[in-house]
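4 protein chains.
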Amino acid sequence: MIVSVIGASNANPELVDLAEQVGRELARRGVAVACDGLSGVTEAVCRGAKSEGGTTIGIQPGSDPKDANRWVDIPICTGMGYARNAIVVKTGRAVIAVGGAYGTLSEIGHALAEGTPVVGLKTWAPVREGRTDEGIIVAKTAKEAVERALAAVARRDGGWQQRLPSGNPR
Amino acid sequence: MIVSVIGASNANPELVDLAEQVGRELARRGVAVACDGLSGVTEAVCRGAKSEGGTTIGIQPGSDPKDANRWVDIPICTGMGYARNAIVVKTGRAVIAVGGAYGTLSEIGHALAEGTPVVGLKTWAPVREGRTDEGIIVAKTAKEAVERALAAVARRDGGWQQRLPSGNPR
Amino acid sequence: MIVSVIGASNANPELVDLAEQVGRELARRGVAVACDGLSGVTEAVCRGAKSEGGTTIGIQPGSDPKDANRWVDIPICTGMGYARNAIVVKTGRAVIAVGGAYGTLSEIGHALAEGTPVVGLKTWAPVREGRTDEGIIVAKTAKEAVERALAAVARRDGGWQQRLPSGNPR
Amino acid sequence: MIVSVIGASNANPELVDLAEQVGRELARRGVAVACDGLSGVTEAVCRGAKSEGGTTIGIQPGSDPKDANRWVDIPICTGMGYARNAIVVKTGRAVIAVGGAYGTLSEIGHALAEGTPVVGLKTWAPVREGRTDEGIIVAKTAKEAVERALAAVARRDGGWQQRLPSGNPR
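Chains as they are written, first to last, in our numbering: chain A, 652 to 821; chain B, 652 to 821; chain C, 652 to 821; chain D, 652 to 821.
So that you can see chain A by itself, here it is in the shape it has in the complex:
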């Protein structure tokens, strides 16, 4: 299974630490990470995932695989700039947002629009007509974020899972 992790390229140490933990927790459960493969939160999540032997996918805005951070196993080159946000979000069965700037906000919007579960760690709270939208599942720790994301996927997909010849869960 793949879960997408989103967040700002400029992240403070607290968010970097949180993202790295999210990467570790996903990898320990055999879940691959998709992200934009660049810096800040997404570099930290890749580093965390690799420290536990996970798989990391970098869906990059540009055309050069060397733009990816060094923890990316699979660099996907879209050459589409910000439009790659839609692909990052579609590729994960769930999305975990760690902090985040405006690009993260666009990804949250894409994910919620498509019915993909979104778990938030210190991220945006979209408010409309004075009320906080309840689309984002709020978590306090990396472990809770990963557990709630996987639980949401299981609820949505009815526990669907497929094992490949290689033994990798999709």
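Calculated directly from the structure, the hints in this document are not laboratory data. There may be inaccurate statements among the hints.
Said to hold, decoys possible - A few chain B residues that face chain D, going by a derived Cβ cut-off under 10 Å, partial list only:
no. : residue
1   : SER714
2   : THR729
3   : GLY730
4   : MET731
5   : GLY732
6   : TYR733
7   : ALA734
Don't be surprised by glycine CBs; every beta carbon is placed ideally from N, CA and C.
Following the hints, put chains B, C and D in place on chain A, whose structure we already have.
Positioned in the frame of chain A, the structure of chains B, C and D alone reads:
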């Protein structure tokens, strides 16, 4: 000049009326409207713009120009689903959001990420760490929204404007 | 109606002249031109269309409307680089290729894959297993190219045409 | 390293066999395969790669990872239809075309436009002004195709290669 207008495909009568007024106000100032060319807010803004002789551009998610509402002059077929949101936003010198659901939230995020002015009419207020983000310029009426959008473009572009041989402002 | 015109950004005077004539012939028939809005063949077709009062749409690879040549009325900013080729092709009811380099070849492939009529003027002839593919309608003059493109659209669409409130044919 | 393999979804047994061999040859050299992850040539190349323990990436036109053939390890969901062709091509350091229909032609055009080496096995030969374009490196066997693709990458990149912490070559 082109201004993009975004909002939900399911809109109540108040938002439909507001969107139609936005279309009229833009057309009266010689500004073309870009949107997704479909229903709800974007149909209303096209109808308003045409009632004042404006130009309407529908940047559609699908591949069939007949999907556009009947007020669209220029149907652009992206065949890219939600990824067209990035194109809708990039095509306008400013963005006016009228109400809106999650797709609108993704477009607001894209626009703010690129430094495109966003004016909001009864739309999302993104909150982070307990504070409402001040990226969105809040307006109360259609006229105010259009005026504030054009003023923001003028500030950003230093009044840049180009006239084409056909006399259409770009 | 919109017809897309494709071709290389570096074009010799013969191709530039041919492209300009294509633009004129389309505009005389009330057909709008879609292209990438840049230089070479696509600048020439826009210039030709404007000289006859036509409408020109530039579906650009970048994010800045000022990248468009001066004959573009409607600059669409995709920010998607080469992936905009798919949008250029989808937006026209038919495609006319004038000369062309590798980017044009990709657009011809996209159009043929989607069943969009392609008319060629001194352009690629794709050969497979020693036989020239017959997907491209070959024309010798700009007038013939435009007439054959419109005839192909009429055959495919059963003469479908819609008139908008503004009187612009879609 | 990643090499992209393209070809038609309807392929005769000869092409299917050839594609499967290409997958095997790539996997034996530790090269991952990127493709659209669907049927015909791309299913065969994935099956071949997995039979030798390789890694397979399916850059899909749709939004559902279950659309991928069963030999895909990493399903990337673009939701962009034909526009994913540009991403398939950008993601590989080289492209191997096995047979192919019009979609393959568009991918060949994209790759050549970006200077990505293209090796052809019984695929298109684009002709312009009566001369066959020499952009495509023609191969006769799967082994020759893979060897020529890797040699072209080495020539272009000056032997650049990066090893990741996981030991996977990028």
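How the hints compare with the structure:
At its closest, the beta carbon of SER714(B) sits 7 Å from a beta carbon of chain D; the interface hint therefore holds under the 10 Å criterion. Because the beta carbon of THR729(B) sits about 8 Å from the nearest beta carbon in chain D, less than 10 Å, this interface hint is met. Below 10 Å, beta-carbon pairs count as interface contacts, and GLY730(B) has one with chain D at about 5 Å; its hint therefore holds. Look at MET731(B): its Cβ gets to within about 5 Å of chain D, closer than 10 Å, so that hint holds up.
For the restraint placing GLY732(B) at the interface with chain D, the shortest Cβ-Cβ distance is roughly 5 Å, inside the 10 Å limit, so the hint holds. Taking 10 Å as the C-beta contact cut-off toward chain D, the hint placing TYR733(B) at the interface holds, the least distance being around 7 Å. Given hint, ALA734(B) at the interface with chain D, holds; its Cβ is 6 Å from that chain's nearest Cβ, closer than 10 Å.
The structure agrees with every numbered hint stated previously.
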